[in-house]
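K.L.:
Work out the full structure, taking the sequences as your base and the hints as a guide.
Quick note, the sequences are listed as chains H and R, same order. This note's numbering applies: residue 1 is where the first sequence begins, and numbers increase by one. This note's numbering applies: residue 1001 is where the second sequence begins, and numbers increase by one.
Wrong hints could be hidden among the right ones.
Listed below are the simulated PhoX-like cross-link pairs for lysine-lysine, each with C-alpha atoms no more than 25 Å apart in a straight line [claimed, not checked]: (1) R:K1075 x R:K1257; (2) R:K1189 x R:K1164; (3) H:K265 x H:K276; (4) H:K73 x R:K1216; (5) H:K162 x R:K1268; (6) H:K73 x H:K265.
Keep in mind that the hints were calculated from the coordinates and are not lab data. Note that the structure is a prediction, hence the values are computed from the model and not measured.
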Amino acid sequence: MFAYYLELALRSLMRNRALTALMVLAIALGIGASMTTLTVLHVLSGDPLPERSNTLYYPQVDPRDSAGHDSDKEPMEQVSWTDGKNLLQAKRANRQALMTGGTVAVQPTQSALDPFYEDARFTTADFFPMFGVLFQYGHGWNAADDDSSARLVVISSALNDKLFGGKDSTGQMLRLEGTALRIVGVLGDWRPNPHFYDLNVTNYAESEGVYMPLSTSQDLQLVHDGSVDCWGNGGAGQRPDHSGTCVWLQFWVQLDNPAQAAVYKEFLVHYSQEQKALGRFQRPPNVRLRNLMGWLDYNMVVPGDVRLQVWLAFGFLLVCLVNTVGLMLAKFMRRAGELGVRRALGASRRALFGQLLVEAGVIGLSGGIGGLLLAFLGLWLVRQQPTSYAALAHLDPWMLLTTFLLALGASLLAGLLPAWRACQITPALQLKSN
Amino acid sequence: MDILPILSTLRRHKITAWLLILEIALTCAIVCNAVFLISQRLERMNLPSGIAEHELVQVQLANIGNRSDAEARAKTDLAALRQIPGVTQVALVFQMPFTDGGSSNSGIKLDPQQQEDTVDVTQYMGENLLSTLGTRLVAGRDFRPDEFVDLDAAVTALHSGNLKGLPQVLVITQMLAERLWPGQSALGKQIYLGQGLPFRVVGVVAHLARPNRLSKGVEYSTVWPISMNVAQGASFLIRCAPQERERVLKSALAALKQLDPNRVVLQKRTYDEARHAFFANDRAMTGILVGVCLALLIVTALGIVGLASFWVAQRRRTIGVRRALGATRANILQYFQTENFLLATIGIVIGMALAFGINLFLMQHYELPRLPAIYFPVGAIALWVIGQLAVLGPALRAAAVPPVVATRSV
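P.N.:
In structure tokens form, the structure reads like this:
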């Protein structure tokens, strides 16, 4: 029966080629646009560390003076040198890391390569185990290296490829900003997106090429990158501020369960009270402890334009669907006479409904396949855009499945109403009028 | 033209008619808002910077390792750049209008006792900045050479609250002057920074846009007599005739490399390229919006054509009867045109309400202003025109149906 319906459907579709093409194209365009924008949104709002994100927290305290104080204001988004050091040394979490971004000049020993600049992360030992960083060769450093400002670095696999042709470079020396540092580790393929641990540098960048102890970077007086916020008479040039009146560092902690998180939040309140008693903080304790995804949400990492594009695409899909439903309905009603004859000859309403649904399904499925092709084209176009996230726009199996479901759902939706309406006709009336 | 028969016909095709109305309404709502978004983006991309955009090139260098002679090096570098034929002005500056990356911003107050900052302003600095950028001074004066303070010295003085080590004066934009002291001359007025440190306004420039954070006030800019060098993150800004830019950029790079080969070039571009890059996202978004608008209008127009064709084909016999009973071709043409006009009008009315709703949603989530009233009549006319154009073909075909059709049985 199905094969017969399919044949009928194809014959009917071939009779009005232009109209069929219009219906298929409208569905394909709508689905293509929706899937392109939805995929970009899906990629950008993804979880950077799916296995660990619910144990990672970003503590915030409010060390500002009372000027401009308003009780419902958010605390500072980064920590000062003083608070960062205090919280790090308190060791109240299972793991904790203090960090900031920077840019360092790399001076290759090979004469063929000119000196070049590389993004760097100045951080503390727990960074690697806490974020689950994968190593290709070697390992990170330990707390003793932090304390002694050890002259060592960890480099990314991309930098290792560039400088050492991908060979195990641990133990070799790397000249940075005129200082030689020993390479202790080479990262594997570790590139969390979004760049959650420091959203000031960039939201969707490639990860840094150089990682070194924060203490070492301060010893070498390396300049840091990212945002700096000062209050009172605080002010900062390119040199990092150690006075405690500017925030420029990020602090992350690992807390394995909500109970630990509650205890840690208590600790932050106590810390703020203690600092207020000491005269450093002037506001009442104002703390936040967001987990990783909460922090990304709060910072509205996904660009507003991307959300807007999704709304736009779904609006477009809706118009395309309405268009197709209208055309299909008109077409089915036009064939009322033919359908009346079939009914009179004994076809049940269900059989008629099935036949029309097959015809609608053929259009929907062709539209869906066309939409998928258009989505591939659309994503290719997105990748040509100058935005930082452009390179990430790829269709994963999950989104591929969504596309098929969307196409199928859209086509059934488009077919149901016309097919149902066309089944309602009374055969006698149709036979009589002709 | 009597619309009653049309309405009674439409009543027999209720669902189809409503679908067409819905399609027109959705298209109308989306296109109105999309066109409004496009106009917002265009406005943003065409914001005046207030500087001689086509006459500037930028070179940013970075030293390798720390160096103690940064200030002396800056002087020799600038002198060498001035020697290049065609170069009219040179400066070491930290930021330029409409560029991404670092920018220096601060809250300022009008009263030292004030708790909240009055406005957030951006801080331009660098020796010879105003004449290199080519801003127009409308009141007061540019800085005197003896008013300049080195950036590091100024930061140290700021930390200790030492007024002597800080610059005493600043230049602001006309827009900022009007915001702070509406209707008055800004010259000689005081503003306060940090814990009540006073600074005096000595000059007002016509326009000077911020580098970024445009939502805080595009032209809330201040200029400070603070000098910077390469180690502090400043880049060389060179002014020359527009047609000389490529050559000057090449010579500048060569001259700087010759003076000190141990530096890395971070940035070398004309200001036009910098501005182009800053608005790249807006340009891409505008392209997408224009594409969606066109696609929507085309899909809707084709939908109207398709539906009207069906109806014409379905009513061939009726048309023939009407023609046989004395209706002219013009009557038939008018019938279909009026039918389309009615459907479009209902669609437009619903669409306008929807457009307003979407606009409210966008205002809440995307900091967009209210949709100007002019969009409603213009949008309505546009859709009416598109509807009439789309229905013209099928309507002409209907008008061509000969009366003899009435006498034939199918």
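K.L.:
Which hints from the list above does the structure break, by number from lowest to highest?
P.N.:
As far as the earlier hints go, not one is violated by this structure.
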